[in-house]
Amino acid sequence: MDAETPVSAGSQARLNPQLKDTLASNGVIADRLFIKGGQWLLLALLLLTVVFPLAAMLWRGIAGDASQGGGMQAAITLVSSANFRWLLGNSLKVSLTVALIVVPLAYAFAYALQRTCIRAKPLWRGISLLPLLAPSMLPGIALIYLFGNQGVLRGLLSDNIYGFWGIVIGQAIYTFPHALMVLLSALALADARLFDAASSMGASPWRAFRSITWSGSRQGVFAALCLVFTLCITDFGVPVVVGGDYQVLALEAYKAVVGQQQFGRGALIGMVLLLPALLSFAVDLWLRRRQRDAMGGRAQVYHPRPSRGRDLAFLCTTALICLALLGVFGMAIYSSLVKFWPYNLSLSLDHYAFSELPGGWLAYRNSLVLAGCSALFGSLVIFTGAYLIEKTRQTALTQLLRLLSFVPMAVPGLVFGLGYVFFFNQPNNPLSGLYGTLTLLVLCTIAHFFTTAQMTAAAALRQLDGEYEAAALSLKVPLVRHFFRVTLPICLPALLDIIRYLFVSAMTTVSAAIFLYSPDSVLAAVAVLNMDDAGNVGGAAAMSTLILLTSAGVSLLLAGVSRGLLRRSQAWRQPTPGL
Amino acid sequence: MFKRTALAAGLLAACAFHAQANTELTVYTALEVEQLKAYKEAFEKQNPDIEIKWVRDSTGIVTAKLLAEKERPQADAVWGLAGSSLAILKQQGMLEAYAPANLDKIGSNYRDAANPPSWVGMDVWAATICFNTVEAEKQGLPKPTKWEDLTNPVYKDKIVMPNPASSGTGYLDVSAWLQTFGEAQGWAYMDKLHANIGQYTHSGSKPCKLAAAGEFPIGISFEYPAVQLKRKGAPLDIVLPKEGLGWEIEATGIIKGTAHLAAAKKLADFSASREAMDLYKANFAVLAQPGIAERFQELPADYEQRLIKNDFNWASENRDKILAEWRKRYDGKSEPLPQ
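Quick note, the sequences are listed as chains A and B, same order. Mind the numbering: the first sequence is residues 117 to 695 in the numbering used here, read in order. Mind the numbering: the second sequence is residues 1186 to 1524 in the numbering used here, read in order.
For the record, the hints were derived by calculation from the structure and aren't laboratory data. A couple of the hints might just be wrong.
Stated by the list, open to error - Stretch-level coverage of chain B by chain A, calculated; a stretch enters the list once three of its residues show a Cβ under 8 angstroms from a Cβ in chain A:
no.	stretch
1	1246-1260
2	1351-1363
3	1384-1391
4	1416-1429
To be verified - List of simulated lysine-lysine pairs, DSSO-like, C-alpha gap at most 30 angstroms:
no.	chain 1	residue 1	chain 2	residue 2
5	B	1450	B	1225
6	A	455	B	1328
7	B	1222	A	455
8	A	152	B	1222
9	B	1415	B	1222
Glycine is no exception: its CB is placed at the ideal position from the N, C-alpha and C atoms.
Given these sequences and hints, build the entire structure.
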C-alpha cells in the first residue's frame, strides 16, 4: 500500500471542493513532511554518528600527523614491528581459544534448552543472562578473588591467574550469553517431519543429529564463533583487570590514545581491530544467503520427546555451567562486602561509601542518566526510523538507510570510541563542544547499539499488515498520529524489549565510553576501571555489583510492565509457535 | 512526553545556574584521589569566588595530556604534579613564571631555580618498599634491606612495581637507580629486577595496596599509601633500602595563556602558603617549607637524610630517552631477555 498518495474517494464529493482540496493537500503535506523529512533526518543522524567518525579515524590513521604516530610511513612501521606482531599474536590466541571454548558450551546449553525436556528451563535461561547485566570487568574482578594469589580456590591453579588463562576465562564468561542467544535462535525451530523420516529409516539419534540438527544450525555456529571472536579481540575490560603483563591489541589502543596521546597510532590499531568484525560480518551475510530455508511452508514444529539418559546428561551440563556462573558472580558480590580481603573477612558496606568525587556516586548518577536517555530517546528514534524504512514506499533513500543501519553491527565499541575522539575532538569541527559531554555519550551509545534494536523493531513492524495504514488514510488521519496512536501501542512488546536492551547495554558499556568521558561525565563502568587501576579492587567490585543490581532491577521491572501491559492490551494476540 | 520536558527543563535550569557561578578553574593534578576533597575545600574556603574543577590521572597520563594540548591548553593551572614533568613543561614554554606570596620560606632545592620560578614545590614523596609480613612468613621470604636484595631469585614473580611511563613513582625509581648505580650498572640492575617483577601497575600506589592485600608480598611504592595502609591495620613493614631513596617533588604551576590568570595566581599563592603546608603535613613527612613537618610514627627519624641527591634537570632532560629504553627492554617483549 502506497502510504504517500492520499486515497481519492467518491465519498468526498459531497464536501465543499475547496475544503476537500485543503484537507487533502494538508494531509499530503503533513504525511510528506513526516516521511521524507524523517528519512532525511535519519540519514543525517546516521551519517553524523556512524559514518563520519569512522571516516575520521581512517583519515587520522592513514593521512595523519606523523608526530602522533599517524601517516602511511607510521602504518608500515607499525605493522612490521615485532612488538605489533607479538600483540596481534596474543590477541588472536586469546580470541580463538575463547571462541573454541565458549561456542561448544553454548551449543550444548542451547540444545538443552531447545531440544530436550529438562526441567526448570526459565531458571537456566535466566541465570545464563547474568553476564549481560554487568560490565566485562566483573568476571575479571571475581577471578582475582577466586584464583588470585589470595584467592579462595588458589590451590586449583598451578600458575597464577594473571595472564593468558585469566583473560581467557574472564572473556569466556563475558561472551557466553552472546553466543547463547545466537545459538538459541539457530536451534529454535525444526521440522518434525525430518525427524520422523529419520526414525522411520532406522537412523540412530546421533545420525539424526548430524544430518538434521547440525546441518541446520551450522550457520548459527559460525555466526556465534565470529561474534565471540570479535567481542574478545576488541575487549579490554578483562585484560586490564586480570591480564597482568600479557598485552593485547585492544589495550594497546587505549594506552596509545589515553596514555600517550598518540592519536595516529591509536587510529591505526583501531583500523586493525575493525578487520575481524568486517570480515566475519561479510562472511556471515554470504553464508546467510546460501543457507536453505529451514522451515518450509508445510513444516510441522518439532517437539522433543523425553529421553531419560539424554535429559539427565544435559541437565547436569546446564546445571554445572549455571553453577559456575552463579559462583563467579556470587563471589564478586561477596567480595564487595568484605571489609579488608583477605585479613579481615567481616562484612561491611565500606566499599559502597563512594565519595561525591567524579569516581563515585556522580559516576553512578551519570550512568543512570545515560542509560535512561539512551533507552527512551534511542528507542523512539530507532522505532520511528524503522517505521520510516519499513512501512513507506521503497526508494533509493530507504535502501541506503537500510544499508547504513547495518554498519554499527560491524563496528566494535572500541572503534566507535576512537572514531568519536578523532571526529569530535577536532578544533575546526563545529560540534567539538560536545566532546566530553554526556550528550555525546548518549549519541555514541545509541549509534553503537543501533542495529540490534533496529532489527527488533523492523521484525515487529513487518508483522503488521499494510491495511492499518490504508485504514488510517481512508479516515483522513495523518500518518504521524496513526504511528503514535496505533502502531506504537501494537508493537509495545518490541518497544519494551528495545528499551531494556538499550538500558542494560548503556549501563554496562565501557569500550566506547573510556575515550569520551570527562570528569563531569564519568560513568559507572569507567569508574570501575579507574578504581581497579588505582588498587581499590573492593570499590571496583562494589560499583560493578551496583551496575549488576540496577540492570537486573530495570530488566525485571520492564518484564513485569510488559507482562501486565500485554495482558491488558494484547489479549487479542495469538501466541506464535516456537517462541 | 512528561519525562522529556522534565529532563529538558532540568538541563536548562542546570545550565542557567551554572552560567551565574563563580570563576571555574580547571586544575590538572596527579594528587591521590583521597586528598582531592580536603585540598579543594580548604582553597575554596579562602577564595569563595573560585571553584576548582579537578582533572585527575596518574603522572604520566597528565603529562602526556598537557603536552598534547600545547597548542590549545585546556588547563588553567597544575596543582600537584611531579617536578620533573613540570620541568618538561617549562622547557616547552608552557608555564607562566610567578613568584607566590610565601616563596621566601620555600626551600631552595624544592622549587624551580629561576627567578621568578615557573613551578613551586609542595611536598616530597619518596620510594618505599611495602613488605607484607604475613605472606613473607607463609612463603619463607627474607626481608630485603637494600635495593640489591630485590634481585635475589627467591623473590621471583613476587614483586610489583609501577610502570615508569604512566606513573611518576615508577619514574622516580628508575631515575634514582640510574643516578645511584650509574647508567650501565643501573640497567643491569633493572634487568635482574625485571625477572622478579610479577606485574607492572599503572598507578604508583597500587603496588602497596596489592602488598597490603597479600596479593604480592613486596610492592615498590611510596610512603603515603604505606603509612595510610599500615594505620588501617594492614600487616605491612615499611622498608627503606640502605642505598638511599629516590624521590620527587610534588609541585604547582600556572599554565601560560590561561584565561583566568588572577584566579590561577591565587591558587599558586595558596599552594605555597602556610595553611596549605599544614594540609600537606598530614600526608607527607617532608615538605617544601622546612621546619613544619611532623615526624610520622611509621617512618624513622632520619627519613629526610635517606633521600638521595637528585638531579632534576638530568631527570627531566632524559625522560623521553629513559622511557624509550625502558619500554624497549621491559614493556612486553616477546622473547625473554638473554641471560
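A quick look at each hint next to the structure:
Counting residues of the stretch 1246-1260 of chain B whose CB lies closer than 8 angstroms to any CB of chain A gives 6, so the stated coverage by that chain holds, three being the minimum. Only when three residues or more bring their CB closer than 8 angstroms to a CB of chain A does the claim for the stretch 1351-1363 of chain B stand; here the count is 1, and the claim is violated. Counting residues of the stretch 1384-1391 of chain B whose CB lies closer than 8 angstroms to any CB of chain A gives 7, which reaches the minimum of 3, so the coverage claim holds. For the stretch 1416-1429 of chain B, the assignment as covered by chain A holds, since 4 residues bring a beta-carbon within under 8 angstroms of that chain's beta-carbons and 3 suffice.
Under the criterion of a C-alpha separation no larger than 30 angstroms, the hint pairing residue 1450 of chain B with residue 1225 of chain B is consistent with the structure, at around 15 angstroms. Restraint check for residue 455 of chain A and residue 1328 of chain B: the C-alpha separation of about 27 angstroms stays at or below 30 angstroms, so the hint holds. The suggested pairing of residue 1222 of chain B with residue 455 of chain A holds, with an alpha-carbon distance near 23 angstroms, which does not exceed 30 angstroms. This hinted pair does not check out: residue 152 of chain A and residue 1222 of chain B have alpha carbons roughly 53 angstroms apart, beyond 30 angstroms.
With a C-alpha separation of about 22 angstroms, the suggested pairing of residue 1415 of chain B with residue 1222 of chain B holds against the 30 angstroms cut-off.
In terms of the numbered hints stated before, the structure departs from hints 2 and 8, listed from lowest to highest.
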